[in-house]
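S.K.: In case you want the letters, here they are:
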Amino acid sequence: MQKRRLALIFYLALLFLPIYWMINMSLRTNADIMANFSLIPTDITFENYLKILTDPSWYSGYINSIIYVGINTTISLLTALPAAYAFSRYSFIGDKHVFFWLLTNRMAPAAVFLLPFFQLYSTFGLIDTHIAVALSHCLFNVPLAVWILEGFMSGVPREIDETAFIDGYSFPRFFIRVFIPLIRAGIGVTAFFCFMFSWVELLLARTLTTTAAKPIAATMTRTVSATGLDWGLLAAAGVLTIVPGALVIYFVRNHLAKGFALGRV
Amino acid sequence: MNKWQDNRAWFLILPVFIIVAFSAVIPLMTVVNYSVQDIFGPGERFFVGVEWFREVLQDQRLHDALFRQLTFSMLVLLIEMPLGVGIALTMPKKGWASSATLVLIALPLLIPWNVIGTIWLIFARPDIGLFGAFINGLGYSFDYTATPMNAWGTVMLMEVWHWTPLVALLAYAGLRSIPEAYYQAAKIDGASSWSIFKYIQLPKMRGVLTIALLLRFMDSFLIYAEPFVLTGGGPGNSTTFLSIYLVKLAVGQFDLGPAAAFSLVYFLIVLLFCWLFYNALQAAGAEDN
Chain C
1 MQKRRLALIF YLALLFLPIY WMINMSLRTN ADIMANFSLI PTDITFENYL
51 KILTDPSWYS GYINSIIYVG INTTISLLTA LPAAYAFSRY SFIGDKHVFF
101 WLLTNRMAPA AVFLLPFFQL YSTFGLIDTH IAVALSHCLF NVPLAVWILE
151 GFMSGVPREI DETAFIDGYS FPRFFIRVFI PLIRAGIGVT AFFCFMFSWV
201 ELLLARTLTT TAAKPIAATM TRTVSATGLD WGLLAAAGVL TIVPGALVIY
251 FVRNHLAKGF ALGRV
Chain S
1 MNKWQDNRAW FLILPVFIIV AFSAVIPLMT VVNYSVQDIF GPGERFFVGV
51 EWFREVLQDQ RLHDALFRQL TFSMLVLLIE MPLGVGIALT MPKKGWASSA
101 TLVLIALPLL IPWNVIGTIW LIFARPDIGL FGAFINGLGY SFDYTATPMN
151 AWGTVMLMEV WHWTPLVALL AYAGLRSIPE AYYQAAKIDG ASSWSIFKYI
201 QLPKMRGVLT IALLLRFMDS FLIYAEPFVL TGGGPGNSTT FLSIYLVKLA
251 VGQFDLGPAA AFSLVYFLIV LLFCWLFYNA LQAAGAEDN
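Sequence order for the protein chains is C and S.
Heads up: the first sequence at position 217 corresponds to 217 in my numbering, and the numbers run straight through without jumps.
Heads up: the second sequence at position 233 corresponds to 233 in my numbering, and the numbers run straight through without jumps.
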């Protein structure tokens, strides 16, 4: 048992080394980074962070990302909940085919859809809007959400639905009052996955936006090529990009543990 | 579980169906349309049949990229699956320690993919990066921007670092679904921890491991941002995986026709492999039961 604990701690330490190194870099000036190799930052400076938090071309990237990720997670959950219920409870014409077809969209290379997406959203005048990115991310998030939720819902015995209907619950009332609270943990895990995949996607988000809705990830790539190698600034931007993710995990940690305890993901 | 037979359930899946059709079927039709035409400009198009497909299938650079991609994905799966399962076995089962471990392990998954590339760009630099400097300190001359082998090693390590947590989380979910009674029965029978693993834990994890394997295969096969940020596909073409080559072709040279044909071939390869994996795993499951 003790050996296992040690192995886990060792792994977690290795997991954190690269992130630690980025935090280290972000607290130093560029000249210091290039001149001295040190394991612990000595002359700590916050100027990299200050620059990002005061320059609108930087911080608006974070706001844009958060907006479209939020929209995407909401759309994915709202549409996937009834669909997952249908797949888990009913058999109907074409159910297996549609289910598998949904999954194949998760396998489509995003690069394949770059140009058609650009054309499609241009036609509707949606280029450079948050909704365009949010919708395009539905391509892989909606199938994933259906997939995960279906697993959780199939874990709930069908007798619960039957009892509720006998008790005179209408379908919407049953769904919202009885069923959703039952699979709360599953919804938490699903939202977590949707957030994660939308937050980290770059290719589509970058192609569909120019300025007004540009995600932070794209801001970073352009900075790399434009100003050459401002390591400190780049590292600080990277650290700030991790923060929302870390917050989300922190808030869903109990749901996450419970969801995983249910054992169907 | 037997289900209610009711075709009205279609109404429940209609929103999902519409949204996915809008974001998948229409673009896919556009791609098919491009792949059989030569496009000079708006309104100037010629039907060329399977010309682009023939060109793409004979493209040596595509063959190289495909070979590189397959080697990469297989190696990554071979490392990540056992490692992830191993980590899941060491994770604490309850209490604050289990939430804390979950949170810590999930963190790399929530970092945007190009930031992962950026982290490793910094971390593996031989002059200012901890990892690069450490390897050089051991007496091995390491520079991922100069030697293909080093670039490959760095991309592999980055991928394993980034995605093993996903396998670990899923495997952990599978382990948590095993009732305590199974372990008690095994204890009474005097089973060794290896046979507990082989006869109880592994079969119970198969469902989630199938998902993990498929997800990991797809995502490693579609990898783009991380190697692109790290090396831009270089040095030479050594880390030009399929996505990078495709984007170069489509966005870089604006060769829409060949790029579209390439996209379709790419998509079909992913589908084929997923289907093979899925069936192989299903068959293995059927044998056990």
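In case anyone wonders, no lab produced these hints; they're calculated from the structure.
Be careful, since some hints might not be right.
[Stated by the list, open to error] Under the rule of at most 30 Å between Cα atoms (straight-line distance), these lysine-lysine pairs were calculated in the DSSO-like manner:
no.	chain 1	residue 1	chain 2	residue 2
1	C	K3	S	K94
2	S	K204	C	K96
3	C	K3	S	K3
4	S	K3	C	K96
5	C	K3	S	K198
[Claimed, not checked] To list a few chain C residues with every Cβ distance to chain S over 10 Å, as calculated:
no.	residue
6	I71
7	T74
8	P116
9	I166
10	T241
Ideal Cβ positions, reconstructed from N, Cα and C, are used throughout, including at glycine.
S.K.: Is the straight-line distance between the alpha-carbon of K3(C) and that of K94(S) 30 Å or less?
M.R.: holds (18 Å)
S.K.: Under the criterion that the straight-line Cα-Cα distance not exceed 30 Å, is the pair K3(S), K96(C) satisfied?
M.R.: holds (13 Å)
S.K.: Is I71(C) truly not at the interface, in the sense that its beta carbon sits beyond 10 Å from all beta carbons of chain S?
M.R.: holds (13 Å)
S.K.: Looking at T241(C) again, its CB stays over 10 Å from all of chain S?
M.R.: Violated, since 5 Å does not exceed 10 Å.
S.K.: Beyond 10 Å from chain S, beta-carbon-wise, is I166(C)?
M.R.: Given that every Cβ of chain S is farther than 10 Å from that of I166(C), nearest at about 14 Å, it holds.
S.K.: For the pair we were handed, K204(S) and K96(C), check the Cα-Cα distance against 30 Å.
M.R.: With a Cα-Cα distance of about 24 Å, the restraint between K204(S) and K96(C) holds, given a limit of 30 Å.
S.K.: Decide, holds or violated, for the assertion that all CB atoms of chain S are farther than 10 Å from the CB of T74(C).
M.R.: holds (12 Å)
S.K.: For K3(C) and K3(S), compute the direct alpha-carbon distance and say whether it is at most 30 Å.
M.R.: violated (47 Å)
S.K.: Would you mind confirming whether the straight-line C-alpha gap from K3(C) to K198(S) stays at or under 30 Å?
M.R.: holds (20 Å)
S.K.: Checking a non-interface call: every C-beta of chain S should be farther than 10 Å from the C-beta of P116(C). Is that right?
M.R.: Violated: least Cβ distance 3 Å, not greater than 10 Å.
Hints 3, 8, 10 from the list above are not met by this structure, while the remaining hints are.
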